[in-house]
Amino acid sequence: MFVKYLPLVIAVALVPQTGAASAQKSPLIEATFPNCLINQGTIHQGIVLPGETMVVHGPYTSTCDDRFHDFRIRTLGGALTYIRIEKLTGSDWFLVREGPSDIQEKLGVGTFRVVIDNQLGETAIRYKGTFSVPL
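In case it helps, mature numbering (1 follows the signal peptide of the UniProt record, and there is no 0) puts the sequence shown at residues -23 to -1, 1 to 112.
No lab work stands behind these hints, which were simulated from the structure alone. Take the hints with a grain of salt, since some may be wrong.
Cross-link-like lysine-lysine pairs, in silico, BS3-like; alpha carbons within 27 angstroms at most [claimed, not checked]:
id, residue 1, residue 2
1, K64, K83
2, K64, K105
3, K105, K83
Now the in silico label distances, taken between C-beta atoms and shown as ranges [what the hints assert, rightly or not]:
id, residue 1, residue 2, range
4, G85, G28, 31 to 37 angstroms
5, V73, M31, 40 to 46 angstroms
6, G55, V86, 30 to 36 angstroms
7, R90, L26, 17 to 23 angstroms
8, L53, G87, 26 to 32 angstroms
9, L112, G23, 19 to 25 angstroms
10, G67, P27, 15 to 21 angstroms
11, T38, L97, 29 to 35 angstroms
12, G98, D42, 31 to 37 angstroms
13, Q96, T40, 18 to 24 angstroms
14, V32, G67, 15 to 21 angstroms
Positions of the beta carbon are idealized from the N, C-alpha and C atoms, including for glycine.
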């Protein structure tokens, strides 16, 4: 009996899987503050090679002044990694916060991005994480 359905099972298994599991951003969640939305999601696994700098999240624009920007980025082994949060001013990016990657801070309004800098590193940084930011 199972042999009769085997072609159907194989066909279903070969269909590309899409949806929230493969998306970087989750649906927006309404915040308790007027006109504020919170975007939460996954920072998918990546690698920053020695001598490289990589934007691992963003850029994104926040119009909410009184909400936390939350980033939790770890190495694949679970250790904290060092990140920079930069803000766009004119056409240049300026440092607003740096440190170990569990960062929860009110950054105000503006356009931001999260960077892992491995310019001076001797080994690759393999990372993954989560974010929750106001829009």
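Status of the hints after comparison with the structure:
1. For the hint linking K64 to K83, the alpha-carbon distance of about 13 angstroms falls within 27 angstroms, and the restraint holds.
2. Taken as a hint, the K64 and K105 pair is honoured in the structure, with Cα atoms around 22 angstroms apart against an allowance of 27 angstroms.
3. With a C-alpha separation of about 22 angstroms, the suggested pair K105 and K83 falls inside the 27 angstroms cut-off, and the hint holds.
4. Under the hint 31 to 37 angstroms, the C-beta atoms of G85 and G28, about 32 angstroms apart, fit the expected range.
5. Taking the beta carbon of each, V73 and M31 are about 18 angstroms apart, not inside 40 to 46 angstroms as hinted.
6. Checking the proposed 30 to 36 angstroms range against G55 and V86 shows it holds: the Cβ atoms sit about 33 angstroms from each other.
7. Between R90 and L26, the C-beta spacing of about 19 angstroms keeps the proposed range 17 to 23 angstroms intact.
8. One distance hint, 26 to 32 angstroms for the beta-carbon pair L53 and G87, holds here, with the actual separation near 31 angstroms.
9. In this structure the hint that L112 and G23 lie 19 to 25 angstroms apart at CB holds, the actual value being about 23 angstroms.
10. Checked against the given bound of 15 to 21 angstroms, the beta carbons of G67 and P27, roughly 31 angstroms apart, lie outside it.
11. Taking the beta carbon of each, T38 and L97 are about 30 angstroms apart, inside 29 to 35 angstroms as hinted.
12. Distance hint for G98 and D42: a CB-CB separation of about 35 angstroms, consistent with the stated range 31 to 37 angstroms.
13. For Q96 and T40, the hinted distance range of 18 to 24 angstroms is not satisfied, since their beta carbons lie about 32 angstroms from each other.
14. V32 and G67 have their C-beta atoms about 18 angstroms apart, which keeps the hinted 15 to 21 angstroms range intact.
The structure fails to meet hints 5, 10, 13 from the earlier list, while all remaining hints are met.
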